[in-house]
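Novice: Here's the letter readout for the chains.
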Amino acid sequence: MEPDPVTRRATHVVHLTVNGEDRGGVAEARTSLADFLRRELGLTGTHLGCEQGVCGACTIIVDGAAVRSCLMLAAAASGAVVETVEGLADGGELSPLQRAFRRHHAVQCGFCTSGFLMSITAALRDGPVETEDQARDVLSGNICRCTGYAGMVKAVLEASAETS
Amino acid sequence: MIGARIERREDHRLLTGQGKFLDDLDMPGVFEAAFLRSPHGHARILGIDVNAALDLPGVIGVFTGEDIRPMMKPLPAKVAHPDLQEIPRLPMALDAVHHAGEPVAVVVAISRYVAEDAVDLIDVDYEVLPAISSTAAALAPGAPLAHEGARDNIAVHVVQRAGDPDAAIASAPHVLSETFRVTRGGGHSMECRAVAARFDTATGQLVVWDSTQAPHYARNALANLYDMPEDDIRLIAPADVGGGFGPKAQFYGEEAVVPWVAMQLGQPVKWIEDRQENFVAAMMERTQVHRVQVAFDDDGMLLALKDVFEHDQGAYVAGLQVPMITLSTVPGQYKIPNIHTELYSCYTNMVPTSSVRGAGRPQAVVAMERMMDRIAEYLGTDPAEVRRRNLIQPDEFPYKTGLLFRDGSPQSYDSGDYPELLRGVLERAGYDAWRTRQEQVRAQGRLIGIGIACYVEGCGLGPYEGAKARLTNRGEVLVTLAAAPQGQGYETVYAQIASAAMGLDMRYIRVVTGDTGRIPFGQGTFASRITATAGPAVLQACRALRDRIFHTAAIMLKIEGENFIFRGDRVTVPHDESVAVTLQQVTQVANVGKHGITLLRGVQPGLETSSYFAPEQAAYASGTHAAVVEVDPETGRIEILKYVIGHDCGTVINPLLVDGQVLGGFAAGIGNAMYEEQFYDDAAQPLTTSYLDFSLPSSAEVPPVELFHVQSPSPLNPLGAKGAGEGGTIPAPAAIANAVEDALRPFGARINELPVTPSRVIDAIEGGGS
Chain A
0 MEPDPVTRRA THVVHLTVNG EDRGGVAEAR TSLADFLRRE LGLTGTHLGC
50 EQGVCGACTI IVDGAAVRSC LMLAAAASGA VVETVEGLAD GGELSPLQRA
100 FRRHHAVQCG FCTSGFLMSI TAALRDGPVE TEDQARDVLS GNICRCTGYA
150 GMVKAVLEAS AETS
Chain B
0 MIGARIERRE DHRLLTGQGK FLDDLDMPGV FEAAFLRSPH GHARILGIDV
50 NAALDLPGVI GVFTGEDIRP MMKPLPAKVA HPDLQEIPRL PMALDAVHHA
100 GEPVAVVVAI SRYVAEDAVD LIDVDYEVLP AISSTAAALA PGAPLAHEGA
150 RDNIAVHVVQ RAGDPDAAIA SAPHVLSETF RVTRGGGHSM ECRAVAARFD
200 TATGQLVVWD STQAPHYARN ALANLYDMPE DDIRLIAPAD VGGGFGPKAQ
250 FYGEEAVVPW VAMQLGQPVK WIEDRQENFV AAMMERTQVH RVQVAFDDDG
300 MLLALKDVFE HDQGAYVAGL QVPMITLSTV PGQYKIPNIH TELYSCYTNM
350 VPTSSVRGAG RPQAVVAMER MMDRIAEYLG TDPAEVRRRN LIQPDEFPYK
400 TGLLFRDGSP QSYDSGDYPE LLRGVLERAG YDAWRTRQEQ VRAQGRLIGI
450 GIACYVEGCG LGPYEGAKAR LTNRGEVLVT LAAAPQGQGY ETVYAQIASA
500 AMGLDMRYIR VVTGDTGRIP FGQGTFASRI TATAGPAVLQ ACRALRDRIF
550 HTAAIMLKIE GENFIFRGDR VTVPHDESVA VTLQQVTQVA NVGKHGITLL
600 RGVQPGLETS SYFAPEQAAY ASGTHAAVVE VDPETGRIEI LKYVIGHDCG
650 TVINPLLVDG QVLGGFAAGI GNAMYEEQFY DDAAQPLTTS YLDFSLPSSA
700 EVPPVELFHV QSPSPLNPLG AKGAGEGGTI PAPAAIANAV EDALRPFGAR
750 INELPVTPSR VIDAIEGGGS
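For the record, the sequence lines run as chains A and B.
Position 15, counted from 1, in the first sequence is what numbering that gives the first Met the number 0 calls 14; the numbers after and before it change by one each time, with no gaps.
Position 42, counted from 1, in the second sequence is what numbering that gives the first Met the number 0 calls 41; the numbers after and before it change by one each time, with no gaps.
Hints are supplied without guarantee of correctness; some may be wrong.
Below, a list of computed lysine-lysine pairs in the DSSO-like style, where the Cα atoms sit at most 30 Å apart [unchecked claim]:
| no. | chain 1 | residue 1 | chain 2 | residue 2 |
| --- | --- | --- | --- | --- |
| 1 | A | K153 | B | K641 |
| 2 | B | K399 | B | K334 |
| 3 | B | K334 | B | K641 |
| 4 | B | K641 | B | K593 |
| 5 | A | K153 | B | K19 |
| 6 | B | K19 | B | K77 |
Counterexamples of contact, computed for chain B against chain A with all Cβ distances above 12 Å [as the list claims (entries may be wrong)]:
| no. | residue |
| --- | --- |
| 7 | A135 |
| 8 | N219 |
| 9 | D273 |
| 10 | F396 |
It should be emphasised that the hints constitute simulated quantities derived from the structure, not laboratory data.
Owing to the predicted nature of the structure, the values given are computational and were not obtained by experimental measurement.
All residues carry an ideal CB built from backbone N, CA and C; glycine is no exception.
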């Protein structure tokens, strides 16, 4: 691959399956997967809250596993199957988890929401979440500064009951 | 509509990844900025070499403080005081830096990656100076100065007095004293700060996007700095701002620098703060040291309160609102005939402080409520009973404390029912049963404690807030708020209020926010003020618009003296709904018009109204929290077994959203109480600059809460609304500290420092104090 014409830095072609579609673009070796999704592919639903791998706002699903897209390099993800928040709703129809989030006011500013939705989506595929403690455990890898988590706990339990 | 539990209009886009946060906006051709920041707490700048940075491919421009001199004016303090020793806070450093993280230069490049590469290539020659990293260091005799040339490290010294506190303390049967420390935390909105700007040479207009809580305040600051007419700057807070919590209500150097360099370069530029920058450059709050004395009689009735406190202002005074709020928040819900509160606000070489959710109130509540427990302990009386005896009663409003509030007016509580809050909290907490259980388990060596904390929150501040209402060409009512949301659900709440005001279904009402190009004047979202200020403005503007629509309809329908109503999007009369015009028809006549054709006689064209509501003084929300905790004496671990919140914000507009505000505020309060702590070393180097070493509470740390509302409408506005944004936060640190000390009473341990971490618990057990 030709180096970037301005910066003269080496670039790589990245191919991904994103929300069921083949997508491709060019990235420097150091470009994070989060930046690639947001800037190269225009998928701005994935947000960056800390870029230190802690807050979880950038969580997406890569090859079935919830990952922090700020800590993964785009070049290293080439060939992967990626799911982002943009793929959760079926057309205009919200998923049961999204509907439960709305019903229980589990969203305020909404910046962290995408990461929570993807973390929970991955967790619910591993099995039902049936108790409040389990729900809190599922949510505990992400930080929300607005809601105090109470609505999210209810939403996870309801979505789990509805889908499992 | 008022009081209805309505799901939010905002949620669909946020749940599907279609939100419009600043960095999500598509801005073709935009360049990105990165700031070089001081690595030192205090240093002189001897020279800056930017040549290597300028030579880096992809760099568009590099600007130091010298390069932006034409707009280099001090950023004024938001809340000042005649005695303030004001030290200029500049948009970027010129010849000295006063905290680690202060902006020194900015690079604009084709990407943030390249901009950061270039930042690393800038060479600054610093002469490091002694730095101040605590209020104790600032006030020590012979202390080095946080600012060279300053008189001392005291920004301002303010005393407030009511009655004769000295005489009351001298003659009181009992006096207790204690010192309490509360430590720095931050706002930690999950979206950091962000600014983008584009100068349109065709119109001469500068468009600025800013993830701010206060778009008009920022617009005014830019107009002043750039010496531009206010109409030539359009400042837009995007529809989605990822949390605010106070720090985004301030105006920062970066907000001044980014649009300026965009104009200089003739190119759009954006700056997205990263989390590491946020830790060293976004304003913080909380550090105060309170030396409190309470005087009381044999029954525990308060005779006098004296609270002398130090406030860490940080490197610059962005505003004195926080300590000024503390000064008058200490007395809280109690009748105290003699009060002395005294502030020493100190310059230090740390990130400047300003409001963070709670804003000076949590510290005041710690001072007061910790002492209420000490009085109870001293007298051998139940702490709930000591509180109950001293509460201001419901028939005593308006109640004047004798102090001045931060809004400049004599503090006069407008309404409330404090005894009912306490009664309700104790009942729901199962207070008596927990006291019994506490005794039982103590015999087994288990430590259960119960803590109560009461507060009064001055909120709904002036000077005013504004709204416009207009019938659009599509026949919808467009409500334009000056205020900008950061997750509070304005698009929903203000549609509810507009719907109630007009008697029109919400589906025909749309709300837009936070754009100075749409409405010229406003103040901003802070101090839990918007529902009590913008709410009445929307109510009044929409009532006026309804009347004008009905007036137009009467002329169009050729009927007079009728009471009109809305049925769907039709204007009609109750007894014959076949007589009707649609909103679309009304707007065609009165707003769209026909070119050159005379208007129907009597129609007043231009169906647009505006209202600016100015409350005569602050409103006073209130609440009471109760916490039951169990403390593990081996590890210091604190488990919250039960938490109850009684909350009174006057009229509740949407219970779903108000509960969300209270519960979210509570999570922040738990962070303040138990987890969040910003550390600096003696050279004022920040030691906590990531979430790996600064703990924000997750779902595992925030316990379930039982929440109930008492509604004491405010007589100060037609909605009866008060603020709901901070009540969840304010008393939580005091309630937790009271509960933990109560649990540790067999050890005689003292919890005098917050947050209450396991190590502080162990220290308290071992040392009888923390």
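Novice: Evaluate each hint against the coordinates.
Specialist: Outcome of the hint check:
Simply put, A/K153 and B/K641 have alpha-carbon atoms about 18 Å apart, close enough for the 30 Å limit, and the pair holds. Taken as a hint, the B/K399 and B/K334 pair is honoured in the structure, with Cα atoms around 10 Å apart against an allowance of 30 Å. A C-alpha spacing of about 29 Å is found between B/K334 and B/K641, which places the hinted pair at or below 30 Å, so the restraint holds. Proximity of B/K641 to B/K593 is assessed by CA-CA distance (about 66 Å); at most 30 Å being required, the pair is judged violated.
Straight-line distance between C-alpha atoms of A/K153 and B/K19 comes to about 26 Å, which keeps the hinted pair within the 30 Å bound. For the hint pairing B/K19 with B/K77, the CA-to-CA distance comes to about 29 Å; that is within 30 Å, so the pair holds. No beta-carbon of chain A is positioned within 12 Å of the beta-carbon of B/A135; the least distance is around 30 Å. No beta-carbon of chain A is positioned within 12 Å of the beta-carbon of B/N219; the least distance is around 25 Å.
With a least CB separation of 6 Å from chain A, B/D273 falls inside the 12 Å interface cut-off, contrary to its annotation. A cut-off of 12 Å between C-beta atoms confirms that B/F396 is not in contact with chain A; the least separation is 30 Å.
When each numbered hint is compared with the structure, violations occur for hints 4, 9.
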